[in-house]
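Peer 1: Sequence:
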Amino acid sequence: MDFEALHSANFKLLDDTVSDWTSMLTKLQSLKKDAHDGLQGKALKADWAGDNAVIGREFVGKTAGEFGDALTQATSIRDIMLDTRDELKTQQRLLKDAIERGRGKNLTVTANGGGFTVRENPDKKAPNGQSDVNGLRDELQGILNTATEIDSSAATSLKALVDLTDHGFSDAVYKDRDSAANAVKEAEKLAAIAKKKPEDLTPADFDALNAGLGKYSGDPIFAEHFASTVGPKGTLDLWAGLNEMPKNRDVFPDRHEKYAELQKNLSLTLATATQTDTPEMSRWKYDMVNLADQPLSKNSTTFGAQVMSNLMRWGNFDDQFLKDYGTKLIDTEKKMSDNGRHVPIGWQRMGMDPYLNRTGTDSGSDPMTGFLKALSNSPDAATDFFNADFVTKDEDHDFEEDADGNGKNEKRELSNFDYLFEERHWPQEQDDKGKDSIEGRNNLAQALEAAATGHPAGELPTANTPPHNADQAKLVTDIFQSVSEKPERLTKNGFMSDSMGQIAAEYMPDIHRGLHPAKTDVSTLFPVAGTPAALSEQDITRFLYTVGQNPEGYAAVNVGQHSYTSSLMEHHFAHPTSHLPDENFSVNENLKKSIEDIARVSGEIEGTIGAGRAYANEVEGGAKDEEFNSAIESASTWVSSGVGIGIGLATAPAAGPGGAVAGGLAGTAADEILGALTEGLMKDSTEEVIYRNGKEINDTKESTYKLIEAAAEKAGENAKNPSPHIVSAAATAAESGFTNAQSMVTDYCNGQGIPKQLEKEK
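Take -9 as the starting number for the sequence shown in my numbering and just add one per residue.
Everything labelled a hint here was simulated from the structure, so no lab data went into it.
Keep in mind that the hints are not guaranteed to be accurate.
Calculated lysine to any residue pairs in the SDA-like style (CA-CA distance at most 25 Å, straight line) [to be verified]: (1) K509 with S568; (2) K223 with Q338; (3) K2 with E139; (4) K254 with R431; (5) K86 with V123; (6) K383 with I335; (7) K237 with T292; (8) K383 with D468; (9) K464 with D374; (10) K324 with W416; (11) K583 with E573; (12) K149 with T62; (13) K79 with D141; (14) K237 with D283; (15) K205 with P446; (16) K179 with K223; (17) K254 with A201; (18) K288 with R339; (19) K313 with E270; (20) K248 with P193; (21) K149 with T136; (22) K2 with K86; (23) K2 with D76; (24) K710 with D572.
Whenever a hint applies, use it, and build me the whole structure from the sequences.
Peer 2: Here is the structure:
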């Protein structure tokens, strides 16, 4: 900034601009409120079903979110401009004050083109002569330099903020010019460190990089500038180089215990960067995908995907980037495994290969492990990935099936789910304790959880989570059928059952529909807002029985079932004619039939998972029962969240079970029932806390009908429509359903271990 521009600056235009942006914030705040309370609120309550529910609510939710992002971005722009204006005014004041002080020392300042000149008055000299001239000159130049930096960094910050998205608005928050400008400066400083040759890095460099990434990983401007400056190849070389001992002998001995922290911070930074839409990051993502199947160098046996996948285990990566990356990864795996015929040879760790993952769970040589972890945080990308083709019937592969039952095998088409869950030859992996690693398959289960539920694994649905769509429903159908076909796919990998249990919990309406004998009226008895999964009685029984053998899986289904049943009963008590408006019977008789049907199916579910629990206890000699009890108690964290398990996604409009979620569970029948279940507040006739003794299949029967009876009672009371007669009928129906489950387990699970079978084999 030149002298005259600052000295004579009129800030009225900037004042008006700041004022206009401030007025804009008030309008946007109002629009945001209208969008959230009006548009989105009405969409959540709308009586939509099928595609309208999925597409409509998702579109409205994103639109409402855009108003929030617009307000956030406008606030950041206003705050940066306000801060810039105030700082420039300060520099102008300092400039004029310095000139005035110079006059007191007989010094004159004149503009000279873009610069200025300081002279002594010809008729009266400065007290200290040239020293005073030089002092004033340097002071004025320092002020101009500061003003130039303010002006330049403001322009850079505003451009960087606006460029973060190529459409829509950014949700990045910057309170002043300094915060945005510092993000750019820090990114440049740390990028310079990251671009060093690995052998030239020092422990101090490592510390600076780790601390900086940890501090700024969630800052979009920083993340974008850092990633695009380092570049995709530089990113891979950085992490690979740090982990190749011959390349770096200074950092590893002193900082190896901090490697996992740097890995996480780098992953979080890259995830944030991929969410930006600058031309530089678009190119970064494109180039990174193309580097996935390339060795790092001519003599390297490490592929780009092996490095990048280990930098994807944390954070929310851009969906399209994950889709493109996943396609490239699958294409590469097909080449390395000869279309799934054997272990992908390039992913098997050899003795001298670097440890690219520093969490201790696995070596990081199999890139599928880290990629699946990334998918567990990105539901939409996960759903798309698992439903995509691995091989078609026309490709050269060995997967066959007798699809039409004519006794002749034909080539089978495999989705990525089919391949990874059923057919993949997983590379041998060990954790840092020398035990076989479970990380790959565990991440697979978490990614499936995200893909099926529509929210990140380990989290719970909210009122804003979209209803299940057709792709999610198809995947869940495939999961149930696969476990039903070969239960050992789960029993041999019991650690996957917690995610499988969570999936079942959030598909309770679909499960209830599949177990209900009448199929013509299920839409009103068990409402589903989105697309229901087509689940058969056999597949449901075999799936739930298998999941029930694992404590975490059992607890998830147990809590999910009671949560859903309690809310559903409360809905029907409040709207007694919503399911059976049969004029030949009284309203209470119709309601009784609805509640009985719900209770019977609920009893079947509890009986099925109870059988699984009983068999697991037989195998373990009863020692496992304490694990089941602990899992039920730990489920209290889900209950305390205020969100119903299994009723947040595939439910009716707000008038139905979904309404309980929208308003929270406090005070609902589900709230009371889940508290009784997880906190051990209810006991059976023998004074045993319900569901705390699962060693025998019959030990859980009384717990089941007692809790379902309580659910019916609380539901009627909360709906201001109590009926002891219906409550009693619900208990009887639940007991009947539980008994039915024992027959179904015997019929459908023949060949698997079932309760009492061990005694018969003695």
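Peer 1: Of all the hints given earlier, name the ones this structure violates by number, lowest first.
Peer 2: none
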